[in-house]
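Engineer: Sequence:
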Amino acid sequence: MLNEYLIKNVREDYFVQVAGGLVRRYEVSGLAGRSVHLPCEVDKASCGEFHSIKWYKSNQRVFIFSEIGTVRRAEGSLLDRTKFHYMRNGTESTLEISPLRIEDEGIYKCEITYLAVQEACSVVQFVNLTTIAEPTYQRITFEDGSPVVNGSVVGPFEEGTLLTVVCESGDGKPVANVKWYNGSQQMQGDYRAILDRDGTGVGINTLRVMLSRSDLGSVFTCEAVNVAMEVPYSSAIRMDVTVGPLSVTVSGVDSSVAADSIVELTCVARGARPPARITWYNGTTPVEQAMTDANLQEETSEVASADETYETHSKLKFMASNYENSAQFTCEASNDIKDPIQDTQILDILYAPIVRVRPENITVNETMDILIFCQYDANPKQLTYVYWYVDNNQVDIGGRPEKYGNGNVDHPTLLIKNSTAKDMGEYTCRVANEVGNSEVTNSAFVSVQYRPQVQVLLDPVEPVSEDDRVNVTLICDVQRANPEILQRVRWYLDGVLLKELPECDGNETMYGSDSSLCDIDPSRLLLENVFRDFHGNYTCEGMNDAGWGPRSNDGELIVYYPPGEAFISYQPPMVVKGRAVELSCNVDDPGRPAASSFRWYRGTHLVQDQTSSTWLINAASLETQDNFTCLPVNSEGEGMKNTVEIDVLAAPAFIDRLPPYTGALMTSNQVSLTCRVECSPLCEISWYKDDYPFFNETHYTIEEKVLPPDTASGDIESIVSILTWNMERWPEVGLDRERDNANFTCTSSPNVAGPGVTSNTYFRVEYPPEKILISQESVSVVEGEMLPKIECRVLSYPESTYTWYRGEENVATGSVLTMDNGIDRKQAGQYTCVAQNKHGSVSAVTECDVQCKNEYTRGTGDQSTFEYSCRMIHNIPEIALLCRHVLRVSLLETSMVYGFTHFCDIPIT
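Everything in the sequence shown is counted per the UniProt record's numbering, starting at 1 for the first residue and increasing by one.
Just so you know, the hints here were simulated from the structure itself, not pulled from any lab data.
Among the clues, some could well be false.
[Claimed, not checked] Derived lysine-lysine pairs resembling BS3-like cross-links, with alpha carbons at most 30 Å apart:
1) K44 - K57
2) K826 - K838
3) K317 - K381
4) K417 - K403
5) K789 - K826
6) K771 - K789
7) K641 - K705
Since the structure is predicted, the reported quantities are computational estimates derived from the model, not experimental observations.
Let's have the full structure, built from the sequences with the hints guiding it.
Structural biologist: Below is the structure:
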């Protein structure tokens, strides 16, 4: 194919007449990697000798040949890859390129230079060289790009899976044509080509196949081919497809089967890969769970088929019974690949009759007809005989047509006409078919009855208390009846129908036959946890098979109970601290007997002295803000309590008001005013200085906090406001004793409980005593005269107190030192004035000199000594002088000094 392509593509296309000669054109194709010959015709016969032949690609010279010049040289891109072929005096020359490259493709020009130019000579010839190349690779991948090995088995894939595989072949020129085949059948794929600039490219064919059963074992082949190839590339993959079962059949029973014989069913599922699982069903229940399948056995095997699928064989064996008659036995085959498939066989099981009589208990009135049903299940249905027995004695149906009816193979039901007490007894029915006789499984009991007469009894008979929650049984006592067992009883309370027992009759959809409401004794009505609504007169009517009897006498049930639920109200609805509030405890049901007292609780505390239905609180307080509970009480106990929560409001009132006066030391580091107002709902506090509100004030800071109720003080919630002087804003000397004095006001806003309140204080800058002055620093007074006025004064705020001291003795108070009597010499000395306020104290001293005459006295003494006293002001040595020169004695060491009085002992002479 390649050689044919090359031969066909080396052709002379056309000639063109141009000035200076003819132009010849050729089309040449070459396989990359091999050699190619570019023709250039030489016409020596017509054109004579030539000087040279030059080859050009585009405008670049690639080869030159000249016999005359003995030149044979390749140039440019063809260097080392060319041979020039020419036989002297021949008509053909060729330029051989080997090996040919893809990029060698293009227009080549052969230019012949003849020595003598002729118009008819072809001096320029063009060759259009087309390069071709085989693809270098072929590969198969999945859609996600993962590689697929040539010749491998792919899968398994489920039937119905959309498989996508991609086959590509690249580097060929022209681009390879890629196709998919299933065997010899071409498959429809999505082909596309991607070209490179040099003309090579990649051919891609994407195959999307919805896999089916027919693809199992199929070989998908990808072929890639172009004109450069002798043999196409070929890659193949083999499909592994999983498929569900193709068919399922059940066989084994073709006719009727007798009960207690062995049934064997066979199920075959074909065409599945992987093998199908077999599940047997009895109806819709798996046979393993069906309780009626006796001696169940199951065997399963698998066989491989030629088409690579499997056959699954399953055998089911069991003992037949009446329960399997008309049962559908289904074989289900599945391997999770697709929905299961099924085949079913219905069994026909032959068995003897199974009999039940209905109803099992029959109660009728005398003269009523009785109908007893003989119900049976059999296969075949046709009976061979029917017999009825009463108390194991056969009933003579045929011999007494006036008494009995039916009871034969066409109508097995027994009719007893005009019943009497003699018809009472236990009835059974026995039948047979061609398979065998029935067995007695149950019987019907017949009773003939008459209507009951009843009376009501109570247990206990005495009155009951609701708090005891006792049970009271009402008994509808049969005085006369047949049978004595009551089927139904109607119970009345105060003449109104209360209940008819049992309650399930006529309500089969609501109550089953085994309902606890059906299986009760209707003659006993249990009143559980008796309470007030049970109080009254009870009567009953009884019914047996004979019908309803007359109503009974009255039976009175007395129920005592405590009062009902209380509810509390109070006035006024808005409770304000300090004002009166009255609570009322009301009860709609006072109980039996009526409530006689009430119990009040505040929180959990019982208020002992409150027993009436109303409670007046003269002044509401924080203690009133609580839960109040009321319980009505009678002899039976307490009623249901009711609790109400009272929220006590508080009109604005000062807890901590401003003092009338507030002072602060001028050098204080911290100065503040505190105002606390009790108010609920909370109010707002505002501050004023000399009646002007604070606004953007930098010298003061206002802080507020809310305090919760205080049980210790009885205060309801309150708000505290603190006005603080920002002392860092004042000069270093501190507060100014004049400019910083002002009136400050704390005012609260009103709330729903009352108006706002206001408190004022006069703030004054205080300072300690300073600049103390004393009117006389010394004074001289003659003994016995009045001390002149001596005054002491200081500057201070608050005003200082003055105290006068002589030594450590407090002798006077006040700024002026005065004495009520004339001064005594003992009062001479230094007097100190101390001026003091809470911030400090200062003192000043004055000297008081008391003038007096010298004297002595002779005292009394014993036989050895006399006592003399000498008095002198501030001159103790003179006393000694007196004693020495006047008394001619000396001071003894035992002399004592009391103020300015000195004593000396003088011996008696």
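Engineer: Next, verify each hint and record whether it holds.
Structural biologist: Against the structure, the hints come out as follows:
1. Annotation: proposed proximity of K44 to K57 holds, straight-line Cα distance about 25 Å (limit 30 Å).
2. Under the criterion of a C-alpha separation no larger than 30 Å, the hint pairing K826 with K838 is inconsistent with the structure, at around 34 Å.
3. Proximity of K317 to K381 is assessed by CA-CA distance (about 27 Å); at most 30 Å being required, the pair is judged to hold.
4. Between K417 and K403 the CA atoms are separated by roughly 5 Å; this keeps the pair inside 30 Å, and the hint holds.
5. For the hint pairing K789 with K826, the CA-to-CA distance comes to about 19 Å; that is within 30 Å, so the pair holds.
6. Restraint check for K771 and K789: satisfied, since their Cα atoms lie roughly 20 Å apart, inside the 30 Å limit.
7. Straight-line distance between C-alpha atoms of K641 and K705 comes to about 39 Å, which puts the hinted pair past the 30 Å bound.
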